[in-house]
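Undergrad: Listed below, chain by chain, are the residues.
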Amino acid sequence: MNKPLRRIAIFCGLLVLTLLLRDNWLQYLKADSLKEDPKNRRVTIARYATPRGDIIVGGNPITGSAESSKTGLNDLKYKRTYKNGPMWAPVTGYASQAFGATQLESIEDGILTGNDDRLFFRKTLDMITGKEQQGGNVVTTLNAAAQKAAFDGLSKQGGKGAVVALEPSTGKILALASYPSYDPSSFAGNSDDDAAAWKKLQKKYNPSDPMLNRALRETYPPGSTFKVVTAAAALENGKYTSADQKTDSPLPWTMPGTTTQLKNEGNIPCKDAPMRVALQYSCNTVFGKIGSDLGNDKMLEEAKKFGFDAEQFTPVRATASVFSDDMNQSQTALSSIGQYNTAATPLQMAMVASAVANDGKLMKPYMVDELESSNVDPVAKTEPEELSRPLSAENAQILQDMMQTVVEKGTGTNAKIDGVVVGGKTGTAQHGVENSENPYAWFISYAKLGDGSSPVAVAVVIEDEGANRDDISGGGLAAPIAKNVMEAVIDSKK
Amino acid sequence: MSSTTNSPTHHTSTIGAIGAPSRRNTELALLIFAVVIPVFAYANVGLALDDQVPSGLLSYGLGLGLLAGVAHLGVRKFAPYADPLLLPLATLLNGLGLVCIWRLDQSKLLQSLPNFVTAAPRQLLYTALGIALFVVVLIFLKDHRVLQRYTYISMFGALVLLILPLVPGLGANIYGAKIWIRVPGLGSLQPGEFAKIVLAVFFAGYLMVKRDALALASRRFMGLYLPRGRDLGPILVVWGISILILVFETDLGTSLLFFGMFVIMLYVATERTSWIVFGLLMSSAGAVGVASFEPHVKMRVQAWLDPMKEYTLSQQGQFGHSEQAMQALWAFGSGGTLGSGWGQGHSDLIKFAANSDFILATFGEELGLAGIMAILLIYGLIVERGVRTALAARDPFGKLLAIGLSGAFALQVFVVAGGVMGLIPLTGMTMPFMAYGGSSVLANWALIAILIRISDTARRPAPAPASNPDAEMTQVVRPS
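Residue numbers (this note's numbering), protein chains in the order written: chain A, 101 to 594; chain B, 60 to 539.
Derived by calculation from the structure, the hints in this document are not laboratory data.
One or more hints might be untrue.
Distance windows between CB atoms, simulated [what the hints assert, rightly or not]:
hint: 1; chain 1: B; residue 1: 88; chain 2: A; residue 2: 106; range: 26 to 32 Å
hint: 2; chain 1: A; residue 1: 293; chain 2: B; residue 2: 365; range: 45 to 51 Å
hint: 3; chain 1: B; residue 1: 377; chain 2: A; residue 2: 158; range: 47 to 53 Å
hint: 4; chain 1: A; residue 1: 224; chain 2: B; residue 2: 112; range: 53 to 59 Å
Glycine included, each C-beta is placed from N, C-alpha and C at the ideal position.
Start from the sequences, fold in the hints, and give me the full structure.
TA: Structure below.
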């Protein structure tokens, strides 16, 4: 009987070997993916096991951490707190015990919890010295004064809207506001109150969708502000070589392939108007015809150079703005004045203003300046990076000149600042079927200081359901906010 | 007593000197480790959870030490030549299991569950009872061959044990598997654990008698010996019973365990590979057949194939779905190579049955890959000692019983560990010695006692050739 016994012994050995192999697969090969699975509750437990690191603006934390209430079955020790939550929500995102984390709170979770490999040394040191693990900090590029100006402007205005301000020479995001907003503190825990607050903020129960980050995640038809891109395309493609060269612009103008006339807003001097004048009065016919003449491909190429049709990672993802690639001439004409399919995020339009202000160089927008460990040792620093060059320096000068005319004596006079050169462009974009809904009021602008440097470029968009239709124009609603933001940045530089 | 020529210390039976050493002192030394390791683990849990050595450390250490000591003295007295590894290995597993159960008792999450009981004191009680049973078996089972007399009573007993959970009013359906009975005042029992031993006795007795008929009367076909039709009877009956268990008690594990044990013993008894082939074909046909229509078994198979989907469904509150399988995988994965350390994991997220069916997941998370490999090797070592006992046994009944018990033990470890680690569908069985549960602890201590008894008989030196004084007289003729 001993021969089969030995074989059974081998069989039992194989059973154990199979288990050992399976265990190695599970606890070695698959360990990391299981450990980091966001559905694995341990990820959340770890996130709140120690005081979370802070998100910092201008040296001051805009977040905090407090011990969770000890009632009930809370396995999460600390809870996130926010200072001035609604104002900073588009920057921070949220970290909620019950509802997970998004945006900066999620992307930099490793640093904030202290679990990131880059903090390994610090973590080990804390473990040896018996100190509680401390999360690192995320230092942002934002400017507190500019953010306040942007958020106050939006909330005073009262409608939905967003503001993005960039530093043109680096791509640093200086302001990132969205309105209506939400307070991430209100649902940071996991109590019933938190759940109720969360529910109230959902789009299903709150049609104004306060949790939408309009600055990065919503696209709007950019309207006349897109004419800056069209003008850039005309200059870059050599269609016109100066601001004051007469253009070939009949009035009335029937769009090629159709019997529809493209209309201007009111009786404005658009016939054969030079681009400076056309931009000053916001002539649809002039820029529609430029787009139509250049054609879909060339317009698309220029739009892409400005960042259209690509998601931006700031590192928080921004939705891709749209300029279509399969349009006929009349559709291209409409798209070139920011209508039809064209849609842009506020960040995208700020990038357009910023590229013009930075002499044609588009810098990659970013909001995380530095990551640091809990004892303020730098861990990583973001270096400014050139994204593309939508304009040559000369053409950028020409376009700046045109945009400055808009603010000096055109539709954007509300953005004038004493002693500072300001260039801008208004926009009023129609939307809805047959333009039935309220249009969006846009304003994009930049400021230039005496030394030729440009500290700030801004994009403001407002959708006001309550206002009288005729009152909506970029110059009236959006330009004052842009002005305040620019002033705040300039003042904080002094 | 001793001869005039031999030194006074020599025993009468000179043959003793060439027999195997008893190895009882080796066992004692190993037992000390088997007690000290869990005590350290216990202290470790306390330090991790409350920053202090648990207040029960001394009593727990003494308790476990006392139990191990009693078991050791029992073996020393009643089975002095037994295998020295079996007792320490079982004690170590039992001690670690106790620590882990105590550790899970401290979880606030588990305490909040409706069916929560402080399990560790009960498990300590079961362990005491188990060791008492162990000693009782050693005392009263002087020779394992006695069991041979009870072959058919065992068959009857096993059937009763298996049917008990189905008796209305007695059986209890706990989360879909009907393998428990409720005994008023005692709680629930899992008769299947005891049936495992009783069935092994029956199979061993039966096969010992029938092995020649089963082995020799066969035709050769395609390289396989085909048994005669009428010899197929027993295997068909056992197969049928396993299928019935699967259908009525919806317990894949027990079913697989019994059938697997039978096939192993049949193969050893007849030395015919054809039985293995038949066994594999029949068990896979049965398992696939039942799994395709029995809803509980089917659900377990689906949970095994896609634990994430099962988790999602359970999170959505759908009835009949369980997050446990996925939670166990997360526990293992989060443990990684070295584990989080005693008391620092979150395996309580498995919630129900975290300290019984899923106890291995806690070990996986807190002791890591290293700990699980060590534990699996300890189980492997127990099986290896059992198989060695079977090899050393001199009688066919002892061989069959030893291989049956070790084979069943190995299959149980495989089925449970494989289930928890997602290698095979989950079954309702528990890790021997580690998991919380009185039936399991008692039955497995009895199993070890029987193996120790067989190994004692196998390793015992042959008795002195003669014991009458005349023989002694003749033996002395030897020049010095």
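Undergrad: Tell me the numbers of any earlier hints that the structure contravenes, in ascending order.
TA: When the structure is compared with the hints, numbers 2 and 4 turn out to be violated.
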